[in-house]
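**Student:** Letter by letter, the chains look like this.
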Amino acid sequence: MGALARYAFKKVLIGIPVVVFVTLLLFLIMKQVPGDPIRMIAGERVTQERIDELRKSWGLDQPVYIQYFYWFAKVMTGDFGYSYVTRQPVSYLVWARLPYTLELTFPALVLSYVFGVPLGVIAALGRGKSRDYVTMGISSFFYSMPTYWLGLMLMLVFGLYLRWFPISGSTSGFESLVLPMLTFTLPFIAFSARIARTEMLEVLGEDYVRTAWAKGLPSTRVILRHALRNALIPVTVMFFLDLPWIIGGAVIVETVFSWPGMGSLLYKSILRLDYPVIQGVVFIIAILIVICNITGDIVSATLDPRIRVEPEKA
Amino acid sequence: MGDTLLQSNIFTSKRAITKIQAAIIVVIIVVGAIAGAYYYSSISQPTVQYKRTLIIAIPEEPENLDIQQVSWSNEIHDLVFQNTMNFDDKMNIVPDLATAAEFDGTSIVVHYSEDAKFSNGNPITAEALRDAMERYRTLSPYGSDYDTVKEVEIVDEHTARIVLTQPSTYVWLNDIPVVYGAIVDAKAAKDVGDAEFGLKPVGSGPYKVKEWIQGSQVVLERNDLYKTNLPFVENKGPNTYIDEVIIRFIPEDVTRLSEIEAGTVDIVRGVPVDAVAKLKTDPNVVMYESLTPGVEYIMINMKKPPLDDVRIRQAFNYAVDRDEIAMTLEGTVLPCHVYMSPSHLGYSDSQEELGKNTYPYNPDKAKSLLAEAGWTDTNNDGIVDKDGQPLSFSLMIPIDEPREKRIGPLLQSQFAKVGIRVEIREFDYRYIRDQTRHWNFELAGRFYSWHDPAGILPYLLHSEYGNYTYSNPEVDKLLEEDFLGALDTPAKTELYMKLTKMWLDDAPWVPLFVNREYTAVRKDVQGLHVMPPFATLFIQDARVIAPTGQQISPWASLLMNMVLFANLAYVTGRKDDS
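Protein chains in written order, with the working numbering: chain D, 2 to 315; chain Y, 4 to 581.
Isolated chain Y, as found in the complex (with noise of 0.2 Å):
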């Protein structure tokens, strides 16, 4: 009894209360001392928290992670595999793994730093690069990339030399500096297999893989033993602010705007043309433009009559109003009169400017063109015709290519208004590439995208080496040239002027328009570069602070909460004793 009388005036009660009471009072205190404690501690830190996990949104899948065994690369690949060399805002050659290499026109030598590693630890030599490229040659679809490559000489063991069969820019320009010539681990490739390498291949980028769930993401983790000598980033070895990358698969246009929307990933790359001024006027959006090395353009089938007719494919050349298209994709292409965009090693303004005074948009001169070649309206229907034939063609529109897909009416009434009609047939892009090759086809939209013109326009306008419908032997004298030769920058641009000027002349392509590429960023990523020529992502200085506002834990809020309520609870009991 005396016992309980002294709690009793612990607690200024009247009335006495059970040990038990007593117990729990205590602990309610402990508790909510501590989670007080907690709360204020979060509350009053003032360091910048930083989210330790990057998310990226794309819109397909690869095919692959090995870069030695896909046919297109992707930000999975940038990150997973490091380019011996790399191109800079300028497009120069700067180191990247290899501390320096050198070019003479007939061999690369390429220096590695002696604690070179890939991300399994292994170490990067000479003898590592010459796997590399011998598995490149057998297994890429690309493999012929190394066609001009003798062998590959060890120096040392930190030093190579690759020689050249012929003086020729090819590898030094195509491979060297691109993700495709990067360093894989060759040797655990021969270990797993192929196959297996393809899920979890080895590289030197700065992260590498963790998993891969199919249709859905790819998980990369922090590569500690990267290291790199790129020129433009300050931070030379693993970024120790994020330590994983999500990269996931979101086909659907809706869907991706929806999460960098909500803040549920931090970039977006394949910006669709209509979210592209909403994205721009969003104040947590950071908008990265670029222009694609490549043309859009319409391909004409120069063995199919009448397009074997020059004027006809002139005719087309002057229907088309290259401004009215951009206006239409909302400003999001530049108007390209040319082959070559801005972003080519080998681009000169003048290209432009020739094309655009030879063909400006003038759909007069279309028509006498058409009446020139005998095509004239004669029974007033609106389309030319020549014995009773009228003037029509079909066009193959790309239906994964949005721009293209979303102009195809466009041109369509552009074409018409000269007398020329056009019915679209929208495919598959690649079912329009295999078509051209097979020259099955009368008009098909298409595009491409490679940095170095030598390295992708004699596939598109050499007789053989590409073998589509177009062949000026001339054009093929001039394509070989730079192919196999060895072109500095100023000899590949007056070289293209020429071939400019004779693609003019035939026009076998109708050249429309320059697409800019835009990534969408959340303000809260910084630091990241985003460089030519393919828009890549250098995350090695990025850092992205966490949401702003009081971060609680949800236990400690429930722990809260429950305090809260049990003070309330024991105060309001208090009164009605009293």
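Looking at chain D on its own, in the form it has when it is part of the complex (with noise of 0.2 Å):
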């Protein structure tokens, strides 16, 4: 374990420069994005004057490395500044939001483990007969349709018409949370079974696992232990790697069930150009990332002994 801890440790110190190069890197091309935040968010009625007067108050008439350099000194303090737009601090705009991004994240990531890896296993076991089209053809429907449209069927007929959960909005507790969840997480599920079954697959033609029903042992015993723990490991790891998307790319589901969650934030964020916002969320989905990858490889390093988490000494 102590080799693990030391691996892990590691990794955190290479991912402190990749998330502040990322920072940086975002900072300058959003610079080089043709527009002015002031205009963009001013009114029409609104003086030369006073646009110079607020640009002035924001900072935005020093040079760019001098800008970047105070937010990083500020980010470093905990204080993400303040909203040109809302002229809310960063910090709120976005700890308001992260709850119901969880909240609709979290079930979709482990439910398409529970169900797609099961899913994967059946049709994969059921090569070539009925169960593993039927597996596979549901899968292929949810995985290729698109967001927008299976939220706006669901919504009409569990909400509009059956009247099962409310149509949309974030306050009904759990009710509201279904269909969202649903809508976000059927494409998972029949991704991670699509996944499973390839792995699987490809796994069950494998030697060692001719040698396990060679040697009498039992089906149950083979399935799991041979066969689905060595296929189980690119499905987690292609999970982790995903995990930090879909926490910012879940802007189409929120925008249909008005569910406030870091996506639409992000996404309104960048079409006001309000600059502070935007480098706050990204800071958080870089940090992610790097903290998803290192689990990634920690997971995948338990599930495969094979994988070393130190190098051989030569």
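Simulated from the structure, these hints should not be mistaken for lab results.
Take these hints with a grain of salt, some might be off.
[What the hints assert, rightly or not] With a Cα cut of at most 25 Å, we get these calculated SDA-like pairs of lysine to any residue:
no., chain 1, residue 1, chain 2, residue 2
1, Y, Lys307, D, Val34
2, D, Lys32, Y, Lys93
3, D, Lys57, Y, Asp311
[Unchecked claim] Simulated restraints, written as ranges between beta carbons of each label pair:
no., chain 1, residue 1, chain 2, residue 2, range
4, Y, Asp91, D, Glu50, 31 to 41 Å
5, Y, Ser416, D, Lys32, 14 to 24 Å
6, D, Leu26, Y, Thr168, 47 to 57 Å
7, D, Lys32, Y, Leu413, 43 to 53 Å
8, D, Leu289, Y, Gln169, 54 to 64 Å
9, D, Leu289, Y, Glu130, 47 to 57 Å
A quick note: this is a predicted structure, and the numbers were derived from the prediction, not measured.
Here a beta-carbon is modelled for each residue, glycine too, at the ideal position from N, C-alpha and C.
Join the two chains, each given in its own frame, into one complex according to the hints.
**Tutor:** Next comes the structure, spelled out in structure tokens:
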């Protein structure tokens, strides 16, 4: 375990410059985007002097590298600055949305694993049989369906006609979570099922699985210990790599169901050139990516003893 | 043994029952009687039941709840703040928070009643007005509104005199009767800081902020200290029928419409074009309609050749078939040939008449103007050309303005008919606004909305205030007359008629249409006022009738079912015995 801790520590150390670099790059790119944030915010009836005043008060008249330096120095003290548009602290805006994002994405993650993997295994074991076609047909359906459309259909059927769940919003507790979560999760379940099936098929063809069958081991043991455990490794890795994108990328689901997550915050901020909020959200996503990568490495290392956490000494 | 016999006699059963069984039966009967009484009382009550919460769905979340920190106001600000004066349905200025206000050209005297209070209980005084105006000047993007204000004199505790630097109608028309000029408790703002005040501002409107769930909704609760002098509302105090107003942010059109169809929201703002016809036939929905005080138009870059040639700009104006556009938009717009809307102060019908006569739909005239400018179709590809160059422009269309987005291709085909090639580029409106200001465009779909032309047109058509590509010194001079001068409505009307003529000649824009704004309201909502110029909602007299039918609480119905079931079981049991 000591080796694992050291490995994780080293990864974290590498992660820090990555996060810094990402924010710097983003800062430079944003400044190249044509358009003036102050103009974008201000309405029509605003004089040029007022615009200049506002620009100065936000520090936008400074050179880019100084702006970045100020931003970074402040972030180090936990201050993400204020949104140009809402004039609220960025940390407040992000923290207000983070729980909703986690509420939506965490179940999606767990369910896609809990349902996706067994479905994939069932399909693989019954390869070429009807259950394979049925499982894979359904998962192809959900995987290829545009999120926007799936969301609207679920909303119209279960929200408007059957009235089982609220149509949109986030204030009716668990009930309001069901439809957005389904919209978000179904394609992920389908995706995991397809990967699990492919991996499982590959592993089932391996020599050591054949050997296990030949040894006369009980089939559950062959499937669960010999085949599944190995098939799970790529599924797991994929999973952790996807995680950060899930958090930032739920914009469509959030829009359809008026779900106040981080995706829509990021999207809206980009349209409004609200630099401080974009920086804040991307900073958090960058950190999440680093954490997820490390976790992914560690998990796959525990699943697969062949992946060593420490290079062998020569 | 004797006890058991006695009980069995009471229940006239041949078989003896135990004490426990007897107790259960008694409990069932008592509970059944109570539930029955509850049930009958609930269905026999003839009085109308009111829903205590009003739910309004709007497309976009406000930037901030403090009216002094936003660049656009919305329904929440209208409910949390109270205009000093207001507009009635004829656009007359009538009292709201103030009991009266007098305007003499160089000063505005505002009178408050002695018991006027903010929602937090602080008194509204002349001093409070001065502090609020000072805060607006430094904090709001529109702070320069008060450039014509010299000082705020405190006449007495409840009377303030706003002294102007020169004769000007600007503050009187653009701040006093609109929500941006509404009073805020500047002292409270100072105590908590502007960021905190932006989440929970203090005004004197009929409701106050209870909670803002970021990205989701704002919950307002009744301000019990509210008082108004509005002549068109009956109830001049707090609305005791509605305890809470929930304003939900639902950006997706389909979602917003589904909510009102299901009756889970009471009022929907920002009704999309496609849904207007359907909602108008919905028996459960009442539609309110109002004309926007503004115009949707194509701005032309006059600094970019060959668009600096007036004949080409005029050709655009002849080439547009505004009736076809209105038809495509299913009648949700009013065709418009001029630079102002019928909802404007200073508008007259002769403006539109002049516009219509100047630029009737006439593709032949457009073609001949292009030919006059040297543009003819020499290679027979349908596009006019000059020196081997086809006449081709890019048109920026705002994706977040649904009507313009929808007619983009139609405009393209109308221009193609006269030989002008137009390529459509879609952008966010804020970006288009920014780019047009930097003269970085050829044609751009734009719009504006503001009730006093003096408060908006100089920013769009004056060469310095707006700094767009149009510049005509004579127009500048006339615009300045109204911008800083004291014009009453007849003089205003005359002035803008003159300006309209000049604009039509110079053709810096291609005016297209005036929007009709729709508010969809459930039939159960009664007593709502939707007032011009911004279709503002006044809910002082509103009541929401609870859905009809027998309303039994889920617990009562569960209890009733249990009692019914128990009775049934008992009776069946008895039958088996005998």
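**Student:** It remains to establish, for every hint, whether it holds in the given structure.
**Tutor:** Now the hints, each set against the structure:
1. Lys307/Y with Val34/D: Judged against 25 Å, a Cα distance of about 23 Å means the pair holds.
2. Lys32/D with Lys93/Y: violated (48 Å)
3. Lys57/D with Asp311/Y: Since the Cα atoms of Lys57/D and Asp311/Y sit roughly 35 Å apart, the hinted pair is violated (cutoff 25 Å).
4. Asp91/Y with Glu50/D: 31 to 41 Å: holds (35 Å)
5. Ser416/Y with Lys32/D: 14 to 24 Å: About 39 Å separates the Cβ atoms of Ser416/Y and Lys32/D, which means 14 to 24 Å is violated.
6. Leu26/D with Thr168/Y: 47 to 57 Å: holds (50 Å)
7. Lys32/D with Leu413/Y: 43 to 53 Å: violated (38 Å)
8. Leu289/D with Gln169/Y: 54 to 64 Å: holds (58 Å)
9. Leu289/D with Glu130/Y: 47 to 57 Å: holds (51 Å)
Hint compliance for this structure: hints 2, 3, 5 and 7 are broken, all remaining hints hold.
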